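Chemist: Let the hints inform the model, and build the full structure from the sequences given.
Line order of the protein sequences matches chains A and B. Numbers 0 to 341, taken from numbering that gives the first Met the number 0, label the letters of the first sequence in order. Numbers 0 to 341, taken from numbering that gives the first Met the number 0, label the letters of the second sequence in order.
Incorrect hints may appear among the rest.
Note that the list lumps identical chains together, so a pair holds whenever it fits in one copy or between two copies.
Unchecked claim - Here are the simulated lysine-lysine pairs, BS3-like style, with alpha carbons at most 30 angstroms apart:
hint	residue 1	residue 2
1	Lys275	Lys222
2	Lys241	Lys204
3	Lys249	Lys48
4	Lys112	Lys241
5	Lys237	Lys249
6	Lys332	Lys61
7	Lys48	Lys112
No lab work stands behind these hints: they were computed from the structure. The structure presented is a predicted model; accordingly, all values stated were derived computationally and were not measured.
2 protein chains.
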Amino acid sequence: MNRQTAFLFFSIVFFSGLTIAKTAPDSLQQFATFDECPLISGQVIAPCKIGYRTYGTLNSDKSNALLVPTWFTGTSAEHTYLTSPEILNPEKHFIIIVDALGNGVSTSPSNSKSQVQGNFPQIAITDMVESQHRLVTGVLGIESLHGIVGLSMGGMQAFEWAVRYPDFANRTVVAIGSPRLPAFDIARWTTRNHMLALYRGCQCKEALEAMAGVGMLASVPAKLAQDVTREDTVSTIKSRGKSSPISIAKSWDQQRQAEAMIGHNIARDFGNDLTKAAAETKTQFLIIVAEDDRVVTPQPAQEFAIQVGATVVEMDEDCGHGDPWCAPDTFAKAVSVFINKD
Amino acid sequence: MNRQTAFLFFSIVFFSGLTIAKTAPDSLQQFATFDECPLISGQVIAPCKIGYRTYGTLNSDKSNALLVPTWFTGTSAEHTYLTSPEILNPEKHFIIIVDALGNGVSTSPSNSKSQVQGNFPQIAITDMVESQHRLVTGVLGIESLHGIVGLSMGGMQAFEWAVRYPDFANRTVVAIGSPRLPAFDIARWTTRNHMLALYRGCQCKEALEAMAGVGMLASVPAKLAQDVTREDTVSTIKSRGKSSPISIAKSWDQQRQAEAMIGHNIARDFGNDLTKAAAETKTQFLIIVAEDDRVVTPQPAQEFAIQVGATVVEMDEDCGHGDPWCAPDTFAKAVSVFINKD
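Modeler: Below, the structure is given as structure tokens:
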């Protein structure tokens, strides 16, 4: 597992020593290649390849497919743990985990030979969804999904799918995701992008440690006090900074995906009216939020959940954005029941 | 009012347009000068001057003095609003507001001619208290105080006074302060110091904007969403960064005071046992905490309050560390009643 990703979002998981059992065998990394991926900005990514992995078997009427878009900097490999019988069952469903644009596997600032690093165009959550729609329909020949399941930035993509292709998925699971980011979340990603820029400028440990420190500030204070003593705090920041080196190339992947989240807004095409966007959706929603989440704050998803009559699970495990990993059974059961109900 | 200080801690106040009425006329800035101030590190500040302002008249038996130490980067001038009849009444009390070491008025990295900027030694909250004890006893000839009133870092100094000079003050008010900082708070100040170092390196707007962004992350997300639209978030960070220029010299003031907070621990001389430190105190405590405070998190003060049987006021105004400014009447009444009760 990519340690940087792990640190950014899920360091709590590392420290609590969780293990996910019964993961299905890894599927091979596959790619769909396109001459170009048009972007809503009017620019294009060219050439453009989209990474994905599949688990299980597509049934004869093509009605059992699930799509899993990836979280911030996450790869399809890192999402494999979701293909567990307790969460998403590959014995029953055909699971497609798709690498979001800019994640370092699909075409990204760090791997494009034609649009290198800072020359890689800004991308949108919408662009990720459009590339996935082409993959699912054009490459895999699937015209509807049983469900879409996304965590964090994956949940943002799932929300975007729901307004962009309302008839495509019967069920949509958004965990710790957002229909559009409020000021707090935008401030967080904007600040992080500033720190990436500072890091590119100095390539110094201060910048990595500052990023590690900002990561810790998304913790629930009382929980952090249990995990880290006051005497060990400074050394913990140092070691987290040290264990999370970022190449300049990868820093651009992070920046472009963060920009996509900052600009994310499923009400963009509905006069910025979230109620109208909600009215456009047809899928059934399961919306899982974490009470003290300070990476993707829960209010926008909670408000949207009311508007679409979603099934809502509010987690409160004192792990903030890490709640689905701090209470993996609660998360797994909620997702599994929702995906498998008649 | 110093805009930098204002932004760091109390930007909410600016945006809600609060005004504090009936402030007493400014007292003149005064200084006590010493050949040197010895520090607990073994180093000295030499020469050493301590700034202060007084309001009201010391009574004949010298029993009506109140001491107010300053918050992070705050000056005695900025604390003058506390000398309002509704909070601390200069008609009744002799109020001494003292500039904490390193605040840019008392001897500081930014104004020392012998220990310039980064060559200024690290200081401790204890050192601030020791310099204040010399001022009060040696210069003003006062051997006991009716009370000590501190907000934020001022509250940390008030806590330190209570264990270091248990018989000195009859009453101690700590608002949004801490007996020692837990991991979350240490992470915040450590990160901020990293960002100051980055700023000294680049002297660029990215660093100021990153600091402004980190400042916003201490907000209560739902409250921030009311104050700043998602469309205005990035420009708000830019403008806050722009309106908060820091000279290199002042950046060292901030760093040294932040280090003092990081190292602050009133149980240091009690085998790190807060219960033993609490048992040493004799003063009556009023402890005011803010529910969602992410600058000085409330848990350590709440725990200490139980150990000393303090009067506790828990504010929950959705302004976090800014709660005493968001509900100034609640704050004023709590302080005034406690200071003036028989």
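Chemist: All hints, please: hold or fail.
Modeler: Structure-based check of all given hints:
Taking the shortest Cα distances, lysine 275 and lysine 222 sit within 30 angstroms of each other only across copies (24 angstroms), while inside one copy they are farther apart (39 angstroms). Both within a single protomer and between protomers do lysine 241 and lysine 204 lie at most 30 angstroms apart by alpha-carbon distance, with minima of 7 angstroms and 25 angstroms respectively. Proximity of lysine 249 to lysine 48 under the C-alpha cut-off of 30 angstroms is restricted to the intra-copy arrangement: shortest distance 17 angstroms within a copy versus 50 angstroms between copies. For the identical chains of this complex, lysine 112 and lysine 241 are intra-copy neighbours only, at 29 angstroms inside a copy versus 37 angstroms across copies, given an alpha-carbon limit of 30 angstroms.
In this assembly of identical chains, lysine 237 and lysine 249 lie within 30 angstroms of each other by CA distance both inside one copy and across copies; the values are 21 angstroms within and 25 angstroms between. Taking the shortest alpha-carbon separations for lysine 332 and lysine 61, only the intra-copy value of 25 angstroms comes in at or below 30 angstroms, while the best inter-copy value is 69 angstroms. For a Cα distance limit of 30 angstroms, the shortest separation of lysine 48 from lysine 112 inside one copy, 12 angstroms, qualifies, whereas the shortest one across copies, 62 angstroms, does not.
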